[in-house]
Amino acid sequence: MKVVIITGTSASGKTSLMYKVIKLLLSEAVKVAVCKIDCLNTTDDEKYAELGIPVAVGLSDYICPDHYYVSNLEEIFDWAKGFSSQVLVIETAGLCNRCAPAIDGCLNICVLDNLSGVDTPSKVGPLLTTADVAVITKGDIVSQAEREVFRHRLSIVNTKAIILNANGLTGQGAIKLKNIILNWPDIDGLEHRTLKSSMPAAVCSYCTGEKLIGSKYQMGNIRKEIFWGRQHD
Amino acid sequence: MIEKISVLSGQDKEGKAEGYQQIDIYAGEIVAVVGATGSGKTRLISDIEQYAFGETPTKRKILINNLSASEYYELNNQRQFVGQVTQNMNFVMDVKVGDFLTMHAESRGMYNARSIIKKVLEAANNLAGEPFDEEDDLTSLSGGQSRALMIADVALISDVGIVLMDEIENAGIDRIKAFNLLTSKGKISITSTHDPLMALMANRRIVMSGGGIKSVLWTNETERSWLSQMLLYDKKLQKLRDIIRKGGQIP
Ligand SMILES: Nc1nc2c(ncn2[C@@H]2O[C@H](COP(=O)(O)OP(=O)(O)OP(=O)(O)O)[C@@H](O)[C@H]2O)c(=O)[nH]1
Ligand SMILES: Nc1ncnc2c1ncn2[C@@H]1O[C@H](COP(=O)(O)OP(=O)(O)O)[C@@H](O)[C@H]1O
Ligand SMILES: [Mg+2]
Ligand SMILES: [Mg+2]
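Protein chains in written order, with our numbering: chain P, 1 to 233; chain S, 234 to 484.
Source of the hints: derived by calculation from the structure; they are not laboratory data. We put the CB at the ideal spot given by N, CA and C, even for glycine.
Only part of the chain P face toward chain S is listed, based on derived beta-carbon distances under 8 Å: (1) A145; (2) V149; (3) I175.
Below, a list of computed lysine-lysine pairs in the DSSO-like style, where the Cα atoms sit at most 30 Å apart: (4) S/K249 to P/K176; (5) S/K292 to P/K47; (6) S/K418 to S/K472; (7) S/K237 to P/K176; (8) P/K176 to S/K292; (9) S/K352 to S/K468.
Generate coordinates for the entire structure from the input sequences, incorporating the hints supplied.
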């Protein structure tokens with residue numbers, strides 16, 4: 001089974017584009033299953049379900065969605081295997097930019113859109129630097145010059161990734177992405193594979209539901225910032 | 234060096250095959266794209282900009298010197314050979330005009346950005362009304378100013394073999410000046426337009442309907458003589474427009 005991990009900033013067009021890509025895969029009789037990881041809510045499953053394929057949703061609720069994602073990977077893999085899927089697509093939430101769900105041996109795709117600002121490629125950090133393919137969407141709403149500047153900025157941050165301009169509405173770029181997926185090697189499982197980027201520690205009292213503010217309520221992995229050093233003159 | 238681009242036929246919005254095999258456009262040619270709103274002009278322009286290869290809704294293919302874009306790219310090691318002025322009337326990038334032009338020049342591999350920026354601003358201000366400069370925020374420019382900047386940018390920074398223009402008459406800028414700035418010698422220029430004057434300034438025009446290419450017409454002698462008259466009318470009209478714009482009254 002090939003494992004495709006879709007990351008990127010919120011509302012960048014991950015679902016719209018993958019919908020088109022999966023449609024192309026299905027037209028070549030490739031079996032696909034999709035899992036969406038999010039925090040509180042998502043309607044992406046309804047969209048993917050329109051394609052008549054197995055769809056699963058994992059909502060992390062009070063846990064960091066990226067940590068939640070890692071702790072459920074084997075189970076997601078087995079779930080997709082159960083449908084004898086040939087391609088497993090995992091769409092992640094991509095919220096805090098500190099984590100990147102990219103995994104060694106999987107096809108890691110990062111979707112950013114042209115509207116997100118010139119500094120986005122350098123701000124999203126590991127999300128982009130770990131990507132095998134970087135997709136840029138929403139080129140239809142900006143000028144050619146803006147598209148080129150954004151692409152250039154991105155290519156400086158990740159010099160190795162294949163860069164694709166795509167459009168979630170028209171399906172521009174979907175054929176290329178489908179071909180990249182079909183040429184990607186299969187893997188037998190996710191156990192023992194490594195994340196391309198470590199995830200920050202997040203084990204403090206707030207992780208487990210604490211709501212009260214103040215040092216005496218804070219336990220576990222706490223880091224204090226020294227704000228008094230930055231006062232106005 | 235781009236000698237020609239070819240549009241290989243695809244399908245219209247209803248999925249019907251287009252009624253031509255291939256349209257070849259040679260270096261130095263100016264081609265207009267005409268047709269009602271929604272007839273597929275922008276789609277055709279985008280197909281060329283994206284070097285479509287059967288993957289767009291029209292299923293058209295674009296060849297450059299008889300090669301697909303990726304083959305041409307490998308042979309010439311040049312990725313950007315199309316400059317495009319889209320129908321968009323505004324920028325969304327949140328930077329200053331000068332920084333934007335610097336970044337664009339850099340992305341095109343030009344590292345003597347300063348002198349180019351000056352030229353771009355000069356050309357843009359020559360097309361638009363109220364002047365602007367490099368300290369202005371890109372997103373605060375008016376529709377016409379944005380358009381003028383996009384045009385000057387394509388002409389001077391994206392200085393490439395193929396120039397695509399989408400209804401450049403729609404921005405209250407001097408369209409003839411803009412057209413002349415963009416259509417320089419030896420380039421392929423393709424411009425979608427509703428303006429008869431611009432359509433006749435081309436040597437051929439592609440007629441769109443229902444998402445498909447319906448015909449390709451050569452500009453004939455009668456049309457050419459109409460063109461010179463229309464240019465005269467246009468000059469007169471321009472004079473009257475300027476008087477009104479500047480708050481005067483027509484004597
Ligand atoms: N103009 C334009 N709109 C797009 C494009 N791609 C996606 N959209 C629109 O952007 C919005 C968000 O698209 P989604 O595909 O839901 O984005 P997403 O990344 O899956 O969003 P989340 O899963 O919620 O993070 C939708 O309204 C899409 O129709 C594009 O290339 N151009
Ligand atoms: N051959 C085609 N097949 C499918 N959709 C098409 C085709 N040609 C155009 N369209 C779609 O029709 C709509 C209108 O086309 P557009 O090119 O914007 O028209 P115009 O620029 O002439 O006003 C767009 O959404 C475009 O993608
Ligand atoms: Mg989504
Ligand atoms: Mg149009």
